[in-house]
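Full structure from sequences and hints, please.
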Amino acid sequence: PPESLRRQLSMWCTVTLVSAVVLAIIAPPPDLETILDIIRSRQRQWTEPSRRRRLQMTQCPTLS
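Positions 1344 to 1407 (this note's numbering) are the ones given, in order, by the sequence shown.
I should point out that these hints are in silico values taken from the structure, not numbers from a laboratory.
You may find that some hints are simply not true.
If you anchor each label on the Cβ, the simulated ranges turn out as follows [said to hold, decoys possible]: (1) L1348 <-> P1373: 33 to 41 Å; (2) S1347 <-> R1383: 34 to 42 Å; (3) A1363 <-> R1383: 34 to 42 Å.
Each residue gets a CB set at the ideal place from its N, CA and C atoms; glycine is no exception.
Here it is, written out as C-alpha coordinates:
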(Lines of atoms letter the chains of each structure in order from A and count residues from 1; the text may use other names and numbers.)
(Lines give C-alpha, C1' and ligand atoms only; values in the text may rest on other atoms or scores of the structure.)
Protein backbone atom coordinates (compact mmCIF):
# COMPACT_ATOMS: atom_id res chain seq x y z
CA PRO A 1 0.00 0.00 0.00
CA PRO A 2 1.24 3.51 -0.82
CA GLU A 3 0.42 4.79 2.69
CA SER A 4 2.91 2.48 4.41
CA LEU A 5 5.52 3.37 1.79
CA ARG A 6 4.92 7.06 2.45
CA ARG A 7 5.19 6.42 6.19
CA GLN A 8 8.49 4.55 5.71
CA LEU A 9 9.83 7.35 3.53
CA SER A 10 8.90 10.07 6.03
CA MET A 11 10.38 7.95 8.83
CA TRP A 12 13.62 7.59 6.84
CA CYS A 13 13.71 11.35 6.17
CA THR A 14 13.15 12.10 9.85
CA VAL A 15 15.86 9.68 10.99
CA THR A 16 18.30 11.07 8.41
CA LEU A 17 17.56 14.65 9.41
CA VAL A 18 17.88 13.95 13.14
CA SER A 19 21.14 12.04 12.68
CA ALA A 20 22.52 14.85 10.51
CA VAL A 21 21.64 17.43 13.17
CA VAL A 22 23.18 15.32 15.95
CA LEU A 23 26.30 14.79 13.87
CA ALA A 24 26.53 18.52 13.16
CA ILE A 25 26.29 19.27 16.89
CA ILE A 26 28.91 16.67 17.84
CA ALA A 27 31.32 17.42 15.00
CA PRO A 28 30.67 20.62 13.06
CA PRO A 29 30.84 19.96 9.31
CA PRO A 30 33.98 20.98 7.40
CA ASP A 31 33.81 23.68 4.75
CA LEU A 32 31.80 23.12 1.57
CA GLU A 33 34.88 22.37 -0.58
CA THR A 34 35.88 19.47 1.68
CA ILE A 35 32.34 18.05 1.64
CA LEU A 36 32.26 18.24 -2.17
CA ASP A 37 35.66 16.52 -2.39
CA ILE A 38 34.41 13.69 -0.16
CA ILE A 39 31.24 13.29 -2.26
CA ARG A 40 33.30 13.25 -5.48
CA SER A 41 35.68 10.61 -4.16
CA ARG A 42 32.75 8.45 -2.97
CA GLN A 43 31.09 8.72 -6.38
CA ARG A 44 34.37 7.74 -8.03
CA GLN A 45 34.59 4.70 -5.74
CA TRP A 46 31.06 3.65 -6.71
CA THR A 47 31.53 4.11 -10.46
CA GLU A 48 35.06 2.70 -10.82
CA PRO A 49 35.75 -0.96 -10.10
CA SER A 50 38.11 -1.38 -7.17
CA ARG A 51 41.83 -1.69 -7.90
CA ARG A 52 41.87 -5.28 -6.63
CA ARG A 53 38.99 -6.27 -8.91
CA ARG A 54 40.69 -4.53 -11.83
CA LEU A 55 43.91 -6.46 -11.11
CA GLN A 56 42.01 -9.74 -10.99
CA MET A 57 40.37 -8.95 -14.32
CA THR A 58 43.75 -8.33 -15.97
CA GLN A 59 45.41 -11.39 -14.40
CA CYS A 60 42.64 -13.89 -15.19
CA PRO A 61 42.92 -15.45 -18.64
CA THR A 62 39.93 -14.62 -20.81
CA LEU A 63 37.58 -17.51 -21.43
CA SER A 64 37.18 -18.28 -25.11
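Tell me the hint numbers this structure goes against, listed in increasing order. 3
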